[in-house]
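Novice: Build out the structure end to end from the sequences listed, making use of the hints.
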Amino acid sequence: MADPATARRVIFSSYVIPQESISLEEGIEKWKIEEGVGKTFGGKGTADLTAAQWGDGWTSMHHSQVYWKQQGDNWEDAAEGWQGTLPVSSSAISLCSDTDFNSVVVKFCYIKNLGTVADQHIKVTLNGGGGGDDEYDMIVPAGGSVAFRGDGTTLQMQHVKVKIAGSTDTTIEYIIAK
Amino acid sequence: MAEKIIYKNHCTPQEQLSFSGGGTRYYLDSDCGRKLTGNCESRYAGKITGEISSGTGTLSNSGTATISSCKFIFLKNTDTSGSDYFTIAIGSMPSVIKLSPGEAFACDVGDNGADTAVAVVITGSGTPDYEYLKGA
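One line per chain: the protein sequences are Z and W, in this order.
If you want this note's numbering, it's the position in the first sequence, counting the first as 1, plus 1142.
If you want this note's numbering, it's the position in the second sequence, counting the first as 1, plus 1472.
By construction, these hints were calculated from the structure, which means they are not laboratory data.
Just so we're clear, the structure is a prediction, and the values are computed from it rather than from any experiment.
Hints may contain errors.
Stated by the list, open to error - In silico DSS-like cross-links for lysine-lysine, where the CA-CA straight-line distance does not exceed 30 Å:
| hint | chain 1 | residue 1 | chain 2 | residue 2 |
| --- | --- | --- | --- | --- |
| 1 | W | Lys1476 | Z | Lys1320 |
| 2 | Z | Lys1186 | Z | Lys1320 |
| 3 | W | Lys1476 | Z | Lys1186 |
| 4 | Z | Lys1181 | W | Lys1476 |
| 5 | Z | Lys1305 | Z | Lys1320 |
| 6 | W | Lys1480 | Z | Lys1320 |
Specialist: Structure representation (structure tokens):
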């Protein structure tokens, strides 16, 4: 039988397709690769994480056997295995739920917006603990996601915050790892 | 004719287990239980021919390059040295996103979440090559 995790990592990738429309004689519109750039774009990497994470909240997911033995005082709580979401509204929410780890360096973060309509896009700041209330310059559209590694020194848990950029509340899945 | 950008960010969290008989192996992380993928169309508001553009360059050590007027940004470290990286600063945010060789970053951007373009500044460590795609 295997022992507890001795290491963790995340393999992450991005894929981008720039497109332009063309109108056919029959009045049908089709999309093709944008001629100016002429190709798709992509990249892939691996972020090495700490084996023992800062807490159960490092991911929004629930382990399938977390119900009674890992919920603390709320042992009667139940959740569907491998699901778990965080509601996002107009109030800033820190992805790291334990302030004891505010100053811990972020090695990797992934945020997926589970919204389904256009005005459920969210905005993300990486300066949330530094008085950057107007620095939410990353946007995650409904259905989209963002993945990034921290620089290893400056980006800390307290700096990563989200709030809605549209008019409708939404939910997210996330990973924020040291 | 119109333009759009569709993109996907994907991740696979893994944990390494060691076995009493020796040896290790990576599995899908049991805290997450699955891979995560987001797939969407960029919100960049242009959608007019000519507002998508791309480019390449090489940064000097501690040197910077500015990609102006972005509503969507894709950046990739195309260096092959194995260690030269750069960090990314989006709009008013600090330069805290790191891209090592082969890695890429794709995201909609805007001033405080609005449909207002911002500049993206990258700062080199070593002399990394980079590639970008932007929607303006």
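Novice: Now tell me if each hint is right for this structure.
Specialist: Taking the hints in turn, this is what the structure says about them:
{"no.": "1", "hint": "Lys1476/W x Lys1320/Z", "verdict": "violated (35 Å)"}
{"no.": "2", "hint": "Lys1186/Z x Lys1320/Z", "verdict": "holds (20 Å)"}
{"no.": "3", "hint": "Lys1476/W x Lys1186/Z", "verdict": "holds (23 Å)"}
{"no.": "4", "hint": "Lys1181/Z x Lys1476/W", "verdict": "holds (14 Å)"}
{"no.": "5", "hint": "Lys1305/Z x Lys1320/Z", "verdict": "holds (22 Å)"}
{"no.": "6", "hint": "Lys1480/W x Lys1320/Z", "verdict": "holds (24 Å)"}
Of the numbered hints given earlier, the model fails hint 1 alone.
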